[in-house]
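A.B. asks: Residue numbers (the working numbering): 361 to 603.
Hint data in this document are derived by calculation from the structure and do not stem from the laboratory.
For each residue, glycine too, the CB sits at the ideal point set by N, CA and C.
Mixed in with the good hints there might be a few duds.
Okay, the calculated beta carbon distance ranges per label pair [unchecked claim]: (1) Arg479 x Arg407: 39 to 45 Å; (2) Ser554 x Glu390: 29 to 35 Å; (3) Arg579 x Arg483: 27 to 33 Å; (4) Tyr548 x Gln447: 26 to 32 Å; (5) Gln447 x Pro535: 41 to 47 Å; (6) Arg579 x Gln366: 18 to 24 Å; (7) Ala376 x Leu475: 19 to 25 Å; (8) Thr537 x Val466: 18 to 24 Å; (9) Ala480 x Gly448: 16 to 22 Å; (10) Met423 x Ala451: 30 to 36 Å; (11) Arg479 x Arg534: 20 to 26 Å; (12) Ala503 x Tyr548: 49 to 55 Å.
In silico DSBU-like cross-links for lysine-lysine, where the CA-CA straight-line distance does not exceed 30 Å [as the list claims (entries may be wrong)]: (13) Lys434 x Lys583; (14) Lys520 x Lys467; (15) Lys434 x Lys467; (16) Lys538 x Lys583; (17) Lys538 x Lys520; (18) Lys567 x Lys583; (19) Lys567 x Lys538; (20) Lys520 x Lys583.
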Amino acid sequence: MSVAFQQTIFIIDGDAAANDALARNLEAHEFIVHTATTAEECLAMVRTQRADLIILGVDLPDMDGRDTCRLLRKRGLLTPILIVSDQGSDADTILGLDSGGNDYIVKPVRFPSLLARVRAHLRTSEASSNAVIRIGLCEFQPADRIIVSYDRESIQLTEKETQVLRYLFRARGRPVTKQELLVEVWGYSSKVNSHTVETHVYRLRQKIERLSQAGCVLRTEEKGYSLSSAVPSRQEAPQIAAE
361 MSVAFQQTIF IIDGDAAAND ALARNLEAHE FIVHTATTAE ECLAMVRTQR
411 ADLIILGVDL PDMDGRDTCR LLRKRGLLTP ILIVSDQGSD ADTILGLDSG
461 GNDYIVKPVR FPSLLARVRA HLRTSEASSN AVIRIGLCEF QPADRIIVSY
511 DRESIQLTEK ETQVLRYLFR ARGRPVTKQE LLVEVWGYSS KVNSHTVETH
561 VYRLRQKIER LSQAGCVLRT EEKGYSLSSA VPSRQEAPQI AAE
């Protein structure tokens, strides 16, 4: 049976009550939602958690949301960012998009319209499954089947190792069982067994550990395998491909 992945959305806006209301609406549509009211909280969340999409308000108490967006892009974040503001002039829209936003939405926002935009951007992002992905301090390049470390050391992956790593990344730290990998990566066959999974994961872990500055760990847990990553707060992530 295929496992449905819940997609994660960050809401960053200075209005905590509005954040909570929007979060409840999105959660009703099966999204996982995390909220914050400051740029500082946003930057901390991005360092330690993965989002599939970010809704970013312009009016933050500690930094303009557009400057926050610009900083996120500078640090290599490729996640779709929807900028929300009560300023709707052409100049404001241009500033928002030029800061790195994928979309610019003017308040007041009707939820059905926002939901449609969220889903559209998530579809586009999902279609770019071969885009460069940041895991810890590494660039994972599925199309080329390589991992590049912070100091630009690279490791070549096999096709199955690439598929396993991408699946573990999408699981967002959730332990993935051997059976699940058999179904999702190998399509399950009587010729494939759990030993095959163990061998591929072992080799993939060895390759990751050979990188001197990986910033990610492939763990074996009681319930399966998980991928964890964290970028140190004073260590900027590598500059990776532009949107």
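A.B. asks: For each hint given before, does the structure comply? Return the numbers of the non-compliant ones in rising order.
C.D. replies: 1, 4, 8, 10, 12, 13, 14
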